[in-house]
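There are 8 protein chains.
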Amino acid sequence: LRQGYPEVIFCQSKTVDQVVAICENIAHKGNNVLATRATPKMYAAVKEIFVEAQYNEMARTITITKEEVKEDKGYIAVVTGGTSDMAVAEEATETAKALGNEVRTVYDAGVAGIHRLFANLETIQGARVVIAVAGMEGALASVVGGLVDKPVIAVPTSVGYGANFNGLSALLTMLNSCSSGVSVVNIDNGFGAGYLASMINRM
Amino acid sequence: LRQGYPEVIFCQSKTVDQVVAICENIAHKGNNVLATRATPKMYAAVKEIFVEAQYNEMARTITITKEEVKEDKGYIAVVTGGTSDMAVAEEATETAKALGNEVRTVYDAGVAGIHRLFANLETIQGARVVIAVAGMEGALASVVGGLVDKPVIAVPTSVGYGANFNGLSALLTMLNSCSSGVSVVNIDNGFGAGYLASMINRM
Amino acid sequence: LRQGYPEVIFCQSKTVDQVVAICENIAHKGNNVLATRATPKMYAAVKEIFVEAQYNEMARTITITKEEVKEDKGYIAVVTGGTSDMAVAEEATETAKALGNEVRTVYDAGVAGIHRLFANLETIQGARVVIAVAGMEGALASVVGGLVDKPVIAVPTSVGYGANFNGLSALLTMLNSCSSGVSVVNIDNGFGAGYLASMINRM
Amino acid sequence: LRQGYPEVIFCQSKTVDQVVAICENIAHKGNNVLATRATPKMYAAVKEIFVEAQYNEMARTITITKEEVKEDKGYIAVVTGGTSDMAVAEEATETAKALGNEVRTVYDAGVAGIHRLFANLETIQGARVVIAVAGMEGALASVVGGLVDKPVIAVPTSVGYGANFNGLSALLTMLNSCSSGVSVVNIDNGFGAGYLASMINRM
Amino acid sequence: LRQGYPEVIFCQSKTVDQVVAICENIAHKGNNVLATRATPKMYAAVKEIFVEAQYNEMARTITITKEEVKEDKGYIAVVTGGTSDMAVAEEATETAKALGNEVRTVYDAGVAGIHRLFANLETIQGARVVIAVAGMEGALASVVGGLVDKPVIAVPTSVGYGANFNGLSALLTMLNSCSSGVSVVNIDNGFGAGYLASMINRM
Amino acid sequence: LRQGYPEVIFCQSKTVDQVVAICENIAHKGNNVLATRATPKMYAAVKEIFVEAQYNEMARTITITKEEVKEDKGYIAVVTGGTSDMAVAEEATETAKALGNEVRTVYDAGVAGIHRLFANLETIQGARVVIAVAGMEGALASVVGGLVDKPVIAVPTSVGYGANFNGLSALLTMLNSCSSGVSVVNIDNGFGAGYLASMINRM
Amino acid sequence: LRQGYPEVIFCQSKTVDQVVAICENIAHKGNNVLATRATPKMYAAVKEIFVEAQYNEMARTITITKEEVKEDKGYIAVVTGGTSDMAVAEEATETAKALGNEVRTVYDAGVAGIHRLFANLETIQGARVVIAVAGMEGALASVVGGLVDKPVIAVPTSVGYGANFNGLSALLTMLNSCSSGVSVVNIDNGFGAGYLASMINRM
Amino acid sequence: LRQGYPEVIFCQSKTVDQVVAICENIAHKGNNVLATRATPKMYAAVKEIFVEAQYNEMARTITITKEEVKEDKGYIAVVTGGTSDMAVAEEATETAKALGNEVRTVYDAGVAGIHRLFANLETIQGARVVIAVAGMEGALASVVGGLVDKPVIAVPTSVGYGANFNGLSALLTMLNSCSSGVSVVNIDNGFGAGYLASMINRM
Ligand SMILES: Nc1ncnc2c1ncn2[C@@H]1O[C@H](COP(=O)(O)O)[C@@H](O)[C@H]1O
Ligand SMILES: Nc1ncnc2c1ncn2[C@@H]1O[C@H](COP(=O)(O)O)[C@@H](O)[C@H]1O
Ligand SMILES: Nc1ncnc2c1ncn2[C@@H]1O[C@H](COP(=O)(O)O)[C@@H](O)[C@H]1O
Ligand SMILES: Nc1ncnc2c1ncn2[C@@H]1O[C@H](COP(=O)(O)O)[C@@H](O)[C@H]1O
Ligand SMILES: [Mg+2]
Ligand SMILES: [Mg+2]
Ligand SMILES: [Mg+2]
Ligand SMILES: [Mg+2]
Ligand SMILES: [Mg+2]
Ligand SMILES: [Mg+2]
Ligand SMILES: [Mg+2]
Ligand SMILES: [Mg+2]
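Chains as they are written, first to last, in our numbering: chain A, 1 to 203; chain B, 1 to 203; chain C, 1 to 203; chain D, 1 to 203; chain E, 1 to 203; chain F, 1 to 203; chain G, 1 to 203; chain H, 1 to 203.
There may be inaccurate statements among the hints.
To be verified - Selected chain F positions facing chain H (Cβ under 8 Å, derived; list incomplete):
id, residue
1, 13
2, 15
3, 171
4, 188
Unchecked claim - Below, simulated DSSO-like cross-link-like pairs (lysine-lysine); rule was C-alpha separation at most 30 Å, straight line:
id, chain 1, residue 1, chain 2, residue 2
5, D, 97, D, 14
6, E, 97, G, 73
7, F, 73, G, 97
8, E, 70, D, 73
9, B, 29, B, 41
10, D, 73, B, 14
11, G, 73, F, 97
12, F, 41, D, 14
13, G, 47, A, 14
14, E, 29, E, 70
15, H, 14, H, 47
16, F, 14, H, 41
17, H, 66, H, 29
18, G, 73, F, 73
19, D, 41, B, 41
20, E, 41, E, 97
21, B, 29, B, 70
22, C, 70, C, 47
23, F, 14, H, 66
24, B, 14, D, 47
25, G, 97, G, 41
26, H, 47, H, 70
27, E, 14, E, 73
28, B, 41, H, 47
29, D, 97, B, 14
30, A, 73, H, 29
31, H, 14, B, 97
32, E, 14, C, 97
To be clear, the hints were calculated from the coordinates, so they are not data collected in a lab. Nothing here was measured: the structure is a model prediction, and the numbers come from that model. Glycine included, every Cβ here is placed at the ideal spot set by N, Cα and C.
Same shape as in the complex, but just chain A (with noise of 0.2 Å):
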């Protein structure tokens, strides 16, 4: 573990206590910690003890902060094609920001409003690496993976209804993406694009 790095905590399975345990196991060695999957309940446990604790609500992660951590490269972009896909992008770009990198969001520009995505082209391609969030069709990696250079880490989302298939559907499209340089995680992974993000961009 580098110096300020966070060490990371997956909320989903375990109970409050347990996720307060390991928050004071780790942050008595004095390390920053990111949780991901969290509660309020598990967040409301944890600020008693640590008051510098953040929750954002929307991607469901707690932060301690004990050392600020700051990698001088370019910036990361976060784009999703829906509103309803940005729990995900925001679970990626907390993990991002702990990690130390800058991001930059663009929501809300999926490819059936594609005049959204062209109007921030230069967000997008001015980035060093690209995490395309999309649930539904999922089109949005192969259009991003067509206008921009870099790496592009797709992530499929449950978000829909229907022949969705809770995300196998976007899960489909991006592992078949025509684009050179898309990648895909897991359904609904925005940690682990987040991580992966920041992994090449500290290179």
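Fit chains B, C, D, E, F, G and H with the ligands to the given chain A structure using the hints.
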């Protein structure tokens, strides 16, 4: 059947003899013929009897025109993602033409190289109906649907490999399209798309 | 946006506050509003501000009509297989009406009791576009497609149990329809069908 | 085994020699033979030993009749959606005949052209059991089930392409049939349908 | 409808009020009523109007008998693999009884403890039709099919966990049964099995 | 590697030359060889160098025995549902024998004709481990599991057609077995079953 | 049933009353009881009658020990990938213990942090049987299988999200394991793994 | 296009003539060529015109180098699980080399024999990017991901049989990887992995 409208033969699971017999049966009534999924051998056999028979090798269609049919409406645009989708697109095109429609094609304009799509935007936006044919990730239908205010008929193709699962990937993408006005026909069903487009264009 | 045409809000993953805010935003521009997948709570909150707001409980739609819109075309027929498909059918109906179309409905006319379908054949064959809504085996779309010479928009519903797999069964049936002129939208996507039907009816 | 009833050989994964050997074994006991999924080569080899052997090329069945068997019951109707379903239908027909039943066939009466079904309604409604064979969307079983008050055995076929996924589409349709009295056998299992129909007809 | 035969209500997606209304409608015509998938609340409401209404809690069926119906045929056997399959088996049993059949049940005789099946072999082999109800691996239908010379109607249930995928496992097992004379209805469709069994038993 | 134990070659995606080279490499160390999924051509090439090489055509295995290996334990029983499962069963048998085990086989004892299973009950119940090989509905593993008090290794085979989906049906059946003591290996994986059975038998 | 061996109750689809009744039935015969998938409510009710009853909350098992059972064999190792897999692992552990086996556990040793696996290698390699419990990618079973020369029973768990599809991902991984000696039980089936491990350990 | 960078031809659905024509077109502009999925016949035809053309038979790639390209960065490691994954690995390797990267390969280091992986740990940990290619259970990507602190690009292959379902098994495993820094490309997509790895290595 309106005057001059072709009767259609789906050749896939028929023998050469069966196809020839049906052709004769139709033509003797003085009607035009459209045969889809026809092999070169079928064409050779049909050609011996009907010298005016035409074969589109890529579309795998035979047409026998007894009487020209021509609708006085706007045109149908047929757009494809890649060159490999052209066989299905040609089946749609031949079908629409046989039903009296003008067709304009924009091939290989997939979203990975979206500039080619924009270079042909006028053609696409000028159509009364658009047929969007794409395999792999099938994102084309959503992008086109977002750019035009006309019905878009999406045709997933079985072109691709791996997680495209013989067209399932493109099919799900298209069914989940966020763009309004998009509906979907069966994988590789160029005929169905051409037929429906013609029906709408006649209105 | 044509004069009097509604803007559409997809409420599924939005909060009550977000829905109210978007309604206000649209209505202040003087535009009509159509909100789909709206809960009774959303309606209650919207109603407090817009007294003219209407709620279709079965369709789960809110409409706010600032200016009546009316197309002078023929009507759209909406046919369902069972009574359980009516929620989706009503979403389609409300959408088409909000876009200025006349709609005639034939509910509970599934193929298991095909006489009910034939009893309403005149209504169905007189329409300019037909929307066929069915769950379970979804055979309705094929039968209707074989009886009319107009575009049929098939909407699979998630109604059923067991091997219907949340609508997959009806979806596959409809995609494989042998009847020409049938295309398919996403499972339970009444809005999409109503929107597309209106687009075709306007031609 | 009742007097004159055939023993059955499923040839699919057997060699020519194995099939001949089993035939000899059965025939020497004086029993009739029904071999399904038999290749022309198998027939040729069997014919050399049993001159009375008969081959139904479409059904791919061999029958060796040592003693005629004849039940004095009503007849079984075998209905198909398309011409491509005829191979499976013939397997069912040959099986039912070999078991002593009278069989009447109504082929190519699929729901896309429902008038052909109604033109043969008397034959269908007069049967004691109906076998409905259909591929693609498989809607035939539901429609027939709604029209008759007798057991309907539905046989999905693997005929079709794209989203029919080798018969899955028709299988799911038939399992979800809203019509009472419909049950389903395996994809392409004409033998199973013929056997069960005979069992019911004997009652 | 034959004299005394019940009309059937499928309550699954209906309100209490709708069910009561349909009951009244049927009973006023003097017909018997069979309501499936009925909740205790529905029963309470129906009972207030029809004191003679009966509820089978496990089967979730309501029956209102205006006139006893009784066929003079042999009996139907209903066999289950486990105790958890009893709800579906009872739906089948109630349906067959309401249609005038004698029913004998052999519950919890799954193949993992095959001695229980053999202990009841006489009952099973004496029936004119057998309904085999099983979840998890669904092997019961094949074993029963191999032991009797009568039609076997297989009902897969959604009972189980993990790779049973809500009944898919038992469904596929039963469709692939090597035993002749076995056909399959939808997952958990006790009604369908009881109805078909009655139809066959009447012959 | 214990003295005399064979090294194993999985030939499926290897060239004839590669197989020969690996054989030489192993044999020169004085070790026995077991090659699975070997074609007749591979055997011919190996035989030219190692005259003692043996080929089991059905199992598609080559064995080169430099030193006989023999465990002094009880025997392994290999049971199959049908004759078509014998190739996979033989692969298991050859593997277990090459590892020094005694093997007794009970082939074609599927549950559709359960009397054959009972006729061989003594052999099956006397084994220390049972390998149950079955395709189609795969019910054999459950029935055997219920009859013995020893570990049962279930091997689904891809034998069948239609809704067996290349072995998926038998696989799911076996995973859902209600019988205790049953575990499952990959579809058609006779080698894996034989190897594991030997491992258990050695204990 | 050997002396002291528990009878097993699978509580999943049973009522509290049913579980209590079966417990009494077994205990009155003087036998030990193991109840799996038991809720706290079931335990409370059982505890009122049997004061010696024990509840393992994580495993959701109740045990009533009338007579201690103890095998004099080596131990079984239970290894998990993550902490979230512990519930399933504990079900396996309780089952194996109730059957008289010594069990040693190595939890949270997943392959993403493979050093934890190696730190416990001696424990794992010293066991007579290893149970490998893992969700998400399920790679643990393959890695463990490659490190030990003993039977490995793989238990996929439904722990995870997205493309894990309720355990399908881990299930497929484990079935495809390249390591010899690995077999698989149903998703989340800790009981089945514990039972089989005990059976093998007794040999 | 940077100086010396190759243009890429995806030969899969192209004719020999089309491939030759595109090669000439590119080479005449003075650019390097990389053709993937190229058959020996395509190579023969290309070689006649471009004597400097090179063919990698295993990778199925043709390269025509007009001007050497060489990046001055660290190297990319390509690791495979088995020897059967080498074709896909070589496609990745050729692609990365054609784009100017140094590549070091560690083949046949799958997790079933994890010592081979550790024997090459230095090479793997020294790379700037790692490409992990594996079929069957695909566990390699997780293990490698846990051992390195660099981006890992996982390539599932279609190598295997049975429940591997043409690569689906490895694909799901890799998407569910617990190791941070792992992302996934399409099944068998060696080109995509090599291209993305080069993009990251250039940073
Ligand atoms: N029921 C529905 N299903 C799918 N899409 C819908 C539905 N209702 C509205 N939409 C689409 O959602 C868009 C509005 O989405 P939003 O910006 O999230 O309010 C509309 O323009 C429609 O294209
Ligand atoms: N449990 C059930 N599963 C499937 N279909 C049923 C069931 N119970 C009743 N039905 C069918 O549903 C019809 C009544 O449906 P409804 O018109 O909605 O009351 C009956 O005629 C039956 O064919
Ligand atoms: N967790 C479990 N998963 C699967 N099967 C179980 C489980 N626990 C117990 N069983 C089985 O269920 C049987 C008892 O079922 P029952 O007769 O319903 O009590 C036992 O003999 C076991 O074979
Ligand atoms: N093996 C491959 N898999 C997927 N895409 C590829 C592969 N090889 C080349 N490509 C892509 O295909 C493009 C060329 O396709 P085309 O225009 O059909 O010649 C290249 O620019 C790459 O982006
Ligand atoms: Mg790009
Ligand atoms: Mg549009
Ligand atoms: Mg029509
Ligand atoms: Mg009927
Ligand atoms: Mg039988
Ligand atoms: Mg047992
Ligand atoms: Mg091992
Ligand atoms: Mg890592």
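- Task: If any of the earlier hints don't hold here, list their numbers in rising order.
- Result: Result: hints 2, 6, 10, 23, 27, 28, 30 break, sorted rising.
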